[in-house]
Every structure is written in C-alpha cells, then in structure tokens.
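Kindly generate the complete structure, drawing on both the sequences and the hints.
These protein sequence lines map, in sequence, to chains D and H.
The numbering of the first sequence is numbering that gives the first Met the number 0, which starts it at 0 and goes up by one.
The numbering of the second sequence is numbering that gives the first Met the number 0, which starts it at 0 and goes up by one.
For the record, the hints were derived by calculation from the structure and aren't laboratory data.
Check before you lean on any hint, since a few could be wrong.
To be verified - With the Cβ distance kept under 8 Å, some of the chain H side facing chain D (calculated, not the full set): (1) Ala213; (2) Ala220; (3) Ala221; (4) Arg222.
Even glycine gets a Cβ: it sits at the ideal position worked out from N, Cα and C.
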Amino acid sequence: MLLSMQGISKAFAGVPALKSASLEVEPAEVMALVGQNGAGKSTLIKILTGAYRRDEGSISFDGRDVDFSIPAEAQAAGIATIYQEINLAPQRSVAENIYLSREPRRFGLIDHAAMRRGAQAVLKTFNLAIDVDRPVAHFDAATRQMVAIARAVTQNARLVIMDEPTSSLDEREVAILFETIRTLKRSGVAVIFIGHRLDELYEICDRVTIMRDGQTVAKSLMTDMPKMALVRHMLGKELAAFQAIAPDAQPAHRPVRLELDKASAGVRVRDVSLAVREGEISGLAGLLGSGRTETARLIFGADRIERGTMQMEGRERTYREPADAIADGIGLVSEDRKIDGIVPDMSIRENMTLALLPKLKKAGIVDRARQDEIVTRYIRVLGVKCASPDQPIKELSGGNQQKVLLARWLATDPRVLIVDEPTRGIDIGAKSEILKLLRSLADDGLSVLMISSELEELLAAADRVTVLSDGTSVATLSRKDLSEAALLGAMAHQVE
Amino acid sequence: MMTTIETPAPQQSGSVSSGNRLLTLASRYGTFVAFLALILFNVAVTPNFLSLQTLNVNLTQVATIVIVATGMTLVIATGGIDLSVGSLMAIAGALAPMIFMGQFWQVESMALAVALAFLLPVVVAALFGLFNGFLVTRFSIQPIIATLVLFIAGRGIAQVMTNGNLQVFKNEGFQFIALGRIAGIPAQVVLMLVIVAAAWAMIRYTVIGRQIIAVGGNEKAARLTGVPVKRVKLFVYMMSGALAGIAGLIVVARNSASDANLVGLGMELDAIAAVAVGGTLLSGGRANIVGTVLGALVIQLVRYTLLANGVPDAAALIVKAGLIVTAVFIQQRAGRQ
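Following this line, the structure appears as structure tokens:
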C-alpha cells in the first residue's frame, strides 16, 4: 500500500465537508476518484497535499504516518499535484519550468547546459522531442501538462494527482496524456485521476473510489463496477423524499416556446437539441462536465452559438449579449451565486431590481416608489429573511440569496426562466418549497428550463428531461418514461 | 399563486472585537474625522485661519482636483482607472485660448467665441475619454495601460497644437470661470459644487449610476443581468475626460496663460489620491463622491497647514504620501473582516 487515508474528517466553520472519508492507493496503479460537486474530492486531496489540516483521521504514505502542514512537505515526500489550471510559469522555457526552484548549479550559477540535458532526457521517456528552450506558453495544453508531469517525475514523485486533466484537451491530446500515464505506471508511479468522463475512467483507471456527501461510498476494481452502478453511487439518493408535483397527465399539445437545434460551441457543447414548452418544467440532466451550464449560457447569449440554431417563440434568434435574451423575455438564475449572481456589496433592493432597472426609470431616474413596491412584494411572497431591503446581499444565507436572485427575474415577468441548480446549497426544507414555486409558476404559463444534478428533483418536478452526455443531448424522456433507471441509463450513455 | 417560502434567517456573526469595530468606524468616518481635526488644529494654531479669504483660497485651489477626482471616482467605481486626465486638461487648456484668440477662424462675435471656447475643448476632451473607453472595452486592454496611451500622447498633442509656446491672454468673459464670483463665491467653486452634486445624485438616483456600481461590484453578474457593461464603461471614461476638460479650462483661465507643458501636470495622481483617501475602493463597486470631496479637502488642508506654519512644500509631499498609505491601510483592514 502506497497511500492509505483512513477516517478523515474535516469541517469548515462547523459545516462538515468530510465525514470519515478514506482513500487507498497501491503502487503503480491508476485510481479514479469520482463524485459530484461538493462530494469532498478536492477537500480530501487538499488534506493529503497539506493545503488543509484534517480534524480527524490518519494518513500513511510509503509505510510512514505523515501529517503535511504545507504543500512543499508533501512535494518533498513524493506527492505531486497537476491542477486543471496547470501551475507553470508560461513565459519561462520548458527546461526552466521543469527545474523551477531546483535549478542545477555550477559555481553558484545556474547550469543551463545541465538543465537542458536533464529536461530533454526526462521528456524523451514520454516520447516527446520538443525544443526545451521555448516558453511553455508556445505549446498546446497536452504538452504543457506533460511538462508539468515531467517536473513531477524529476522531483521523484511516487504519487501524481491529476485534477480533471482532460477537461481542456481534445481527443488526440487525451491519447497522448494516457500514454504518459501508462509510462508513469511502468516506472512504478501511482496516479490519482479525478475525472468525470466515464469512458476515460474505464480506459485508463485500474480502480475507482467514489465519494458522496463527504464520505467514501464505494471502492472497487474498474472492471467490477458497471457504469450504471458507478453513476448511481455518485448521485445516490437523498433521504428527503420529494413529493411528485408534476402532473402525470400531459395536456394534449403545448406549443414549443424555446427550441435549440443541434447547437454547439467550443469543446463543451458539441450537439445539443432541446425544447421547452409553454407552461412546463423541462429538466436538463447530465453528469458534471456534460455541458449543462454551458448550454444554458448559449441560450442566454452569454456565449455565442457556433453551429446550430435557436428559436424563441417561433422566430430564429441569435443573441449577442445576455441583454438581448432578457429583452426577449428570458431569465437565467446561474449556478454559482457568488461568481455569476450577486453583486455582494449592493443591497437586496439593488440586487433584486438590477435586471428590471431599465424598465423602472423615468427620464433616467429610478422610480423609487415602484422599486420599493416590487421589492417589498417579493420579499413577502418569497419569504426572504432579512433585516431590511437595504441590507447588503452578502450578509444573507445561501437560500435567501437564491430567493433574491429568483425574484430578480420574476420581477421582469419572463417567458422562459432558466434555473441552474436552483437548490444548490439550500437546506432541505427550502428545497422543496423552491420546487413548488417553480411548479406553480409553470402552471401559470412560464416555461422553466431546470438544470439539476439531483435525480429526485427532476423526477419530482419536471415534465420532461433532456439528458446531456459529454456535450451531446443523448435522450429526451417525457413524464411517462421518466424513472431513475432511465435517467441513470441515459447519463451513463447506455441508451437501449 | 405563489407559495410563501420560509427559511430561517442566518445567524448574525458573534461579537466583533473592539479593534475591528474601530477600524470599521475609521474606514467609514476616518476621512471626515481627519478633516475636522485639521480644521480644529488650524483654528488653534494657524493665525487668521477663520477668514473668508482662507476659505476662498483653499476652495479655489481644491476645485480643479475635486472636479477631476469626481470623474476619477466614477471610473474607479467600475474597477478602472484613468491616467490621462492631466494630459486631457492640457489639451482642453490649449484649445480654449486658440479659439477666442482667433487661431482657427476669425472671431466676429466675442460672445460666440467665448461660448465655443467653453464648449469645444470639453467636447474634445470627452471624445478623448471615449477613446480611452474604446480601448478598454473593445480590446480589453487593462485600464492602466489603455489610459497610459493618452497620458503620454495627450500632452504631446497639446504641445504640437501650440508649437510648445506659452499662450498668454486676457479675456474677461472666458476668465469668469476662474476669476468671477457668483453671490460672492468664486465661480469655480460654484461649478465644483454643481458637478459634485450632480455626480452624487447620478450615483444615487439614476439607472446609469446603479449600473456603474454593479459593473464594479461584479462585472460577470452585471453582464448576466443585462447591464450594458461596455456602454457603462464608455460612459465613465467619457465623463472623466469631459470633467478633466473643464478643469483644464479653469486652470488656464486662472493663470491668464496656457502652458501645455504644465497644465494638469501630476493631476492624475492627485485625483487618485483624493479618491483613495476618500474611501472609494480601488477595486471598484463603490463610488463615494462625498468621500472624494473630503479626501481632496484633507490633502489640500494638510498642505495648507504645513505651508502656513512654515514647513516647506517638499515636506508636505511626504505627509501627503503618508496620508494615502494610512487611508489605504485602514480600508484594507476594515474590508478584511
């Protein structure tokens, strides 16, 4: 056993992030570490590498009990981490990056010749013959990643952690990376591979550790774990049973309000078709990294559709900016409230009416009376708990912030509302209330496109669910076909 | 038919240590307290401090800084910065005398020429400001670099226009802006008060004002909420340019001369200092116009106090730097909670 982490617990400000999690890695094996957002993967890795301190538990590496307090200690012990955003100095040469902070010296000066020879030698073991004097910024993502791996190898790493290493690579580059990983294995180095694309996991990994809600829920050989079972372990089942609130019987025909046809953009959205009808909640399901949020951004005009078309209420539209989509009656409650949602220092009042402002003006001046009326109404209807509308939004809890953001769009009286993980970070009680709210809005005629990672949510509230896998819409399930098994099957991309 | 949703209110964080509370107070009212302290100190120490003349001297000296700093506050509120203001002052200051002295066309009606001498330079400065905004929004150049272009080129343009010559003039109509009085108050001070009041009201009551704050507070969220981020940025750089133009006119009118080498020299730093001391975060998302005015007044009063008490101007510069460091330190500490 190369690495053994047992009973690891960690809480942030009283909120548990890890509850007695474990992870074991044998020498020269590739261990897949998978789980949803917030499952605790990165916290566990950060504890291993010394970026966080554990509250409880034990770690042994290479037969010794260890407790790294800073990342440099983990590095010295032989644990290297390759992050998504590769930590290289882009303007320095390949050789300099490989030997960064450990430059070979001669008479107290940097021995450039030795550095160049060493860099060429290590890259040659990965069948890579490149000019080591060129800045790393000149090379593609896969090569940069290999430089980072080469750096790990020259540091005599015994364990290399790769955090979503394929997320920005194309197929050819992924093949090169996998060849590199196999080379590492042959030389006895173990790899922890954090990733979401199932096909890749099955191709390169020997074993898998699955995490959910801060716990390790399954460990298995890759070959003993069918895709369906893996996805079920990842998504799990929440204890709170959602009542089915979507009507079982569908009205005969409801006109399509928003339609996406074979849309694609970049590497994340490759071919997505979906339709949202009048008065329905249309779900958008898929694993992490399947392109759900990116699809929402395309619809909303935050990113451009490169190929394919979009129709809104029967007319073909191309939005250059979110403002165009908003003018057409589309709203988007984004997934990450902090980054894409709230303006933290502004008040609840200002945050709630930000989208509505252009309609709230008389000669450029904000109509304060109407603003107050709207804000007071939505605070009451949605039950936002706050000291006053003038309180900065950053002081509210996650659930209350989410309500303010929902109100931001409801106040614009939208025709289509896109909600990206509407119940993330909200307590169980408020979750089902938010779903009921969305349902009642849909019953009043609003078209809701709901992105969710929680199967129960989709099963309870959606009239229809489109499933994305690796940027492609692989299935659309209507209410009568909707079941946990059907969703899991489509997500694992095993459509019968 | 919406359902009412109940969510428990978040727990208020526990007791804040008294040191932190002091810092919060300092960051909120520190500039004002410093301002009051300086007044009291001067009343006690500086002879003849409580006179109309002292008030007028200080206000006229601070007027141009306040006007430029008001524009700078708007730019900084969006998370940007404008280094070109001093150079734009020089351009406006060079243009105005050329207009009423007939260098472009024969002056037939002096009233019209003076009116144009007020209007055109400000419009030109606004257009240069728009150019700054264009560089920032269209090419995503960092504001400090984008405005560095005109910081360097702007003064050159002013010098080329005037062949580097000093323009000396006497024109009562034009110079009213600096030498005239309205109800006993110097005209430039009245102008300053009008501009400050307008900017304050704009930030507080208008849509564009709220959008400026939103862009600085969270640009991504602002864009996803339909705020025309590019247009908002173009607007603030244009306003900053226009206000710098006005300040340029005041300076040349006050001196009865326009020297492209000197008009507005170092103004960008004075304006940024006033904004920083006034409590507007340089990272954007806030626009404390009143704070900016107080910041400019504090810097001016410190200088006046030292000079009036026989401390050389060079030493005053060091004190000014110390003030900025103190103000930024207090903000950072208070913001870290």
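Hints and how they fare:
1. Ala213: holds (5 Å)
2. Ala220: holds (6 Å)
3. Ala221: holds (7 Å)
4. Arg222: holds (6 Å)
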